[in-house]
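Participant: Using the sequences plus the hints, can you model the full thing?
For the sequence shown, UniProt numbering begins at 1 and goes up steadily by one.
No lab work stands behind these hints: they were computed from the structure.
All residues carry an ideal CB built from backbone N, CA and C; glycine is no exception.
There's no promise every hint is true.
What the hints assert, rightly or not - Pair ranges (Cβ atoms, derived):
| no. | residue 1 | residue 2 | range |
| --- | --- | --- | --- |
| 1 | Thr139 | Leu160 | 22 to 32 Å |
| 2 | Pro171 | Thr123 | 21 to 31 Å |
| 3 | Thr161 | Thr123 | 25 to 35 Å |
| 4 | Ile25 | Glu62 | 48 to 58 Å |
| 5 | Leu170 | Ala135 | 16 to 26 Å |
| 6 | Ala34 | Lys59 | 35 to 45 Å |
| 7 | Glu62 | Leu182 | 52 to 62 Å |
| 8 | Asp45 | Gln79 | 47 to 57 Å |
| 9 | Ala54 | Thr17 | 50 to 60 Å |
| 10 | Thr123 | Val64 | 49 to 59 Å |
| 11 | Glu100 | Ser66 | 54 to 64 Å |
| 12 | Pro171 | Thr139 | 19 to 29 Å |
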Amino acid sequence: MLVDINLLPEKLKERSTWLWVAITILAAALISWAVLFWLAQKNDDEAQSLQQQAFEVQKQQEDVTSQLRPSSFGQEKAQLAATVEWLEGYQYKTVPLLQELVHALPERGFFSEFTFTSPNEATFDVQFDDVSEAAHYLTRMKASSLINGATFELVETVELTEEELSADVLPRYVARYFVQFLDERAQTETDAIVEPDDAIDQSEELPLDEAEPSENEEKEGGGVVE
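Facilitator: Written as structure tokens, this is what we have:
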């Protein structure tokens, strides 16, 4: 006896199931691609917008810089010119001071080192043949009208070499001086700071005998030690 089995409906059912699975996968892929494309397009638009904004900001900065550059350069140039003019007027003329110091030297006195330690102070070394010449030179400097004060820093003997000792070379002495010289620049700044009311009060408090020196004081103060 033969059994007739019909499997056709089950095969059709299996085919329809796989078909729906394939359609679902394809639809999901299409949806994913569409979402990704939309996100990429959105990011591209935002990037272009940001780039445009950056370009506009850069252009505005260039415009502002081009407007400020001439005025800023002009101000810097004027300020530099004013500074140079002030420095030229503020320079201290060292030639008269050096000439005065050289003129006070003895015949065999020589400068070995000279250093300005402040706007109105200097330290320098001088070589002498005799120790007494160092003291005489200090006295002559104190008598100068360009120097406010002078002091000794040190006096020492220069060590001679063996050749100089064998040649009977006389020893020399080095004296170091510290001087405070007259600086008109400092006086100008001090005079500019003084208040008129303070000057009037000081003149009122000054006694008459101190304000007008006697003839003897004028004669004593006018002498110059040679």
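Participant: Given the hint of 35 to 45 Å, is the C-beta distance from Ala34 to Lys59 inside that range or not?
Facilitator: holds, 38 Å
Participant: Do Leu170 and Ala135 keep their Cβ atoms within the hinted range of 16 to 26 Å?
Facilitator: The hint (16 to 26 Å, Cβ to Cβ) holds, given that Leu170 and Ala135 are roughly 18 Å apart.
Participant: Does the Cβ-Cβ separation between Glu100 and Ser66 fall within 54 to 64 Å?
Facilitator: holds, 57 Å
Participant: For the hint 21 to 31 Å, verify it against the beta carbon of Pro171 and that of Thr123.
Facilitator: Roughly 23 Å apart at Cβ, these two residues keep to the hinted range, so it holds.
Participant: Evaluate the given range 22 to 32 Å for the C-beta pair formed by Thr139 and Leu160.
Facilitator: holds, 28 Å
Participant: In this structure, is the beta-carbon distance linking Glu62 and Leu182 contained in 52 to 62 Å?
Facilitator: Since Glu62 and Leu182 have Cβ atoms about 56 Å apart, the given range 52 to 62 Å holds.
Participant: For the range 47 to 57 Å, tell me whether the beta carbons of Asp45 and Gln79 fit it or not.
Facilitator: Between Asp45 and Gln79, where Cβ atoms are some 50 Å apart, the hint holds.
Participant: Between Ile25 and Glu62, does the C-beta distance stay in 48 to 58 Å?
Facilitator: This hint holds: roughly 55 Å between Cβ atoms.
Participant: Please check whether Thr123 and Val64 have a Cβ separation lying inside 49 to 59 Å.
Facilitator: Check passed, 54 Å falls within 49 to 59 Å.
Participant: Could one say that the CB atoms of Pro171 and Thr139 fall in the range 19 to 29 Å?
Facilitator: holds, 23 Å
Participant: CB of Ala54 to CB of Thr17, is that within 50 to 60 Å?
Facilitator: Because 55 Å falls inside the window, the suggested range holds.
Participant: For the pair Thr161 and Thr123, does the Cβ-Cβ distance stay inside 25 to 35 Å?
Facilitator: holds, 27 Å
In this structure, none of the earlier numbered hints is contradicted; all agree with it.
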